[in-house]
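Enquirer: Sequence:
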Amino acid sequence: MVGTLSGLAIVSTWLSVNIFPVITNDSLTYLRHSDNLSSFGFVHFGYRQFGYPMFIEAMETVAGLVGVEPLLFAVAVQRFLLLSAIVYLVWVLRWWATPVVVAAISGEIVAYTNLVLTEGLSAPLALILAGLIVHLTRPLSGEKESARRVRITLTLLISIVALLLLAIRFQFFVFGLCSLAGAVALHRTPLRRLGWWTFSIYALLGFAILALLSAENLDERGEFSPSSNGERSEYWAVWSTVFTLDPTRSVDPELVEFYDDGTPYTFLHRVDALDLPDPERAELYRQQTSRLLEAAGLDIWGSRATSVLHSLRMGRLDDIEGLIAAILASDVSTVNALIHSNQLARSEGYDRFADALNEGRMPEAVITAPLALRLPLPHAHSLSAWLLPASILVLAFGSLRPPTRLLSLSALGITLAHALMIGYVRADNFRFLVTVTMFCLATASAVLSGLFRSPTPRSGTSSSVLPD
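For the sequence shown, our numbering begins at 66 and goes up steadily by one.
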């Protein structure tokens, strides 16, 4: 009875957020890329990769076959992946999945699946990846041959999902530790060759993706790196840290020249419009960032260290908080305006957007909120700000004990490495942290279960893949 009621509460909360695509200005870039994959190549604007545009294109193809509006179909698939990940984690962990389930069904996280942005897909995929690696490193029930088939399937899926995440965003190469953990988990079993071959193939394909991204950036932007144009993003992050976190600085005489009417994009668009080679444009961004840091009294490396620490508490910034709140409060009268949250639709009309980027079809919505009740959960940012540090502590403690060491070390490595990358550019923004955070919460829930109870199977013959 309790389980049934909990399931109904989860589904009700899931349905309490209306399903519709939210197309922001960044979404326009991904949609244009998806319409012309060959011309845009593997990476656009230095850092927007091919993975998410390929997903959109695939969804458009399938939607055309079943007769559904493409963008609505894409976000419905994102929503379905999130629900599938939650159900999978509950099946694997039972009640130990409660911490991550509470975070994953909060209204804000559910609303993220409405975004035609990488986070709408990457967060559900990270939860699925967490479920796969947790499943693999736990005792399996059933006959020996059945358990063997399950392990083979899990090992292959771990590397596939890790590659999908890498294709979406360069920083997600950290999830390659899951493929490595899968190989280590199988090392002392008859499937050790499968584990290491699978990891080797993942590493080869992952290296190929990074090489292709780097080669294209070298050709187009003169920088051999899988992620270029970072100076632009770094200026946005520093400006936001200075002025968004402390609005009183807008009247500081030392900082007035940088305030630019309350938006970093005034300066960014001014530089973007200059007919300059990419290296010279990047240098202008770097110089302005250094000047702003100095004027604000912020040390270059000290501000990075501060950002790393805040990345381990879900960050100080939340650049789309207002948009997410509007999605949660949406109804029939507001949904169209939220769908068209971009400059093209607002300046040239909804029909112009549909003709240019959605095969002439107006984006559609499914209004489910009036039929459901939403659990009164804390805001996802505030909730995760407590759960993430607690999860890191659990993983750290779990790394000291042999039964949970492998899962703990891999999850801890992923979380800390990602925080270092985000903190280096001072971009400790909730949206940029949500994917890895969901993975961390899920794996920490599994480690917590291992610390407090013996890893016994649900039924039948058990067989653990963890080294003795």
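Calculated directly from the structure, the hints in this document are not laboratory data.
Treat the hints loosely; a few may be bogus.
Unchecked claim - What follows is a set of in silico ranges between Cβ atoms, one per label pair, in the way DEER data are often shown:
1. Ser103 / Asp364: 41 to 49 Å
2. Met427 / Ser103: 25 to 33 Å
3. Ala437 / Arg369: 40 to 48 Å
4. Pro443 / Pro344: 44 to 52 Å
5. Gly362 / Ser103: 31 to 39 Å
6. Leu485 / Thr313: 51 to 59 Å
7. Leu339 / Val316: 36 to 44 Å
This one's a predicted model, so the numbers in the text were calculated from it and none came from an experiment.
Glycine residues also receive a C-beta, built at the ideal position from the N, C-alpha and C atoms.
Enquirer: Does each hint hold? Answer for all of them.
Expert: Here's how the hints hold up against the structure:
1. Ser103 / Asp364: 41 to 49 Å: 45 Å, holds
2. Met427 / Ser103: 25 to 33 Å: Since the Cβ atoms of Met427 and Ser103 sit about 27 Å apart, the hinted range of 25 to 33 Å holds.
3. Ala437 / Arg369: 40 to 48 Å: 43 Å, holds
4. Pro443 / Pro344: 44 to 52 Å: Check passed, 46 Å falls within 44 to 52 Å.
5. Gly362 / Ser103: 31 to 39 Å: Violated, at about 48 Å.
6. Leu485 / Thr313: 51 to 59 Å: 30 Å Cβ-Cβ, so the 51 to 59 Å window is violated.
7. Leu339 / Val316: 36 to 44 Å: 29 Å, violated
In summary, the structure is inconsistent with hints 5, 6, 7 from the numbered list given earlier, while agreeing with the others.
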